[in-house]
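Number of protein chains: 2
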Amino acid sequence: MMKHNLEETISLLTRTPAALNSLLRDLPEAWTSRNEGENTWSAFDIVGHLVYGERTDWMPRVTMILQFGESQAFVPFDRWGQDRESKGRTLGQLLDEFARLRSENLRDLRELNLRQEDLERRGLHPSLGTVTLSQLLATWAIHDLTHLHQLSRVMAYQYRDAVGPWSIYLGVLNCAGHSSS
Amino acid sequence: MMKHNLEETISLLTRTPAALNSLLRDLPEAWTSRNEGENTWSAFDIVGHLVYGERTDWMPRVTMILQFGESQAFVPFDRWGQDRESKGRTLGQLLDEFARLRSENLRDLRELNLRQEDLERRGLHPSLGTVTLSQLLATWAIHDLTHLHQLSRVMAYQYRDAVGPWSIYLGVLNCAGHSSS
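Chains C and U, in that order, give the protein sequences.
Residues are numbered in our numbering as their position in the first sequence, beginning at 1, plus a constant of 100.
Residues are numbered in our numbering as their position in the second sequence, beginning at 1, plus a constant of 100.
With the rest of the complex left out, here is chain C:
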């Protein structure tokens, strides 16, 4: 079991924009614009959600913990906030924006020079209650992975019939999704 390690968290956070860019840029829209049915997300929606999170969720919550501790709860995250973020934009633009914002956020995070005792500082999540800065940063990284997991499932879903009898061997086609992602 890994404990949270700030450098390992940053290593992963650093790589996600380039990984999504390599996978999705200029891919036919048949892969990137389709979802799994009503009220579900396409690859395009997922990248918009990641952009929105960079802007409104992660670093603002880091700042909240450092400034207010448990005395003030985080602003709840708007799970459909990417609708505003994505409107009228192309996937290429969203990928560029995600890379730019992530890079700026990681620069800001490094500039905080967090020490081990800072990572134990506590904040107040509006529904989860007390959380630590360490948990918030670990969640930022695993949030990337949860959406990579979702993205691979959403894209695979488009070929669920095309693969014919092989579908029983393809784990991703037997994933019903988990919570909202």
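Since the hints were made in silico from the structure, they are not lab data.
Heads up, the beta-carbon is just placed ideally off N, CA and C, and yes, glycines get one too.
Treat the hints loosely; a few may be bogus.
Within a straight-line C-alpha distance of at most 20 Å, the following computed EDC-like cross-link-like pairs (lysine to aspartate or glutamate) qualify [what the hints assert, rightly or not]:
id : chain 1 : residue 1 : chain 2 : residue 2
1  : C       : Lys103    : U       : Asp178
2  : U       : Lys103    : C       : Glu136
3  : C       : Lys103    : U       : Glu129
4  : U       : Lys103    : C       : Asp261
5  : C       : Lys103    : C       : Asp261
Among the chain U residues that face chain C by a calculated CB cut under 10 Å, a handful are [to be verified]:
id : residue
6  : Glu108
7  : Thr109
8  : Leu120
9  : Ser122
10 : Leu127
11 : Gly188
12 : Thr232
13 : Thr239
14 : Arg253
15 : Asp261
16 : Tyr269
Use these hints to put chain U onto chain C, whose structure you have.
Leaving out everything else, chain U in the frame of chain C:
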């Protein structure tokens, strides 16, 4: 629902090596060498499996269908074949090898100049029975996605405790896996 489309399949197959390279190269081993427990795969094992598939599975089966049709079954795929492939090699070497083999295989696939009627040609899978060339090629692409799905889950698993109470919101931590991947 997407029908199988050869160009869309190739678009996806083309991008996987670079996406895995962006995500995994030089990532700390804490992320890439750990698995989900006994008889499960790490990120390193998954890349080895993809290399092994490029060498022994996909294009050899394409050739089988074109040469023998249903008269001769495919050689069963060795799900632990990557143990030989990976031994003594670094993740960086496996990523390079995957990119090289995939590129060669897609060049060979394009050189076949497959027409729509070729895609309907049939082969014999050792356990699934009759399959078409179209289904085989669609499966090649979705096999990439099933392992991207697995990879994101295996890596997320390493931080399952580090995220604290957020685990209930992170879909990837609530994925029990599906079949072998």
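(message) To test your reading of the hints: which numbers does this structure violate?
(response) Violated hints (numbers, rising): 1, 5, 11; every other hint is consistent with the structure.
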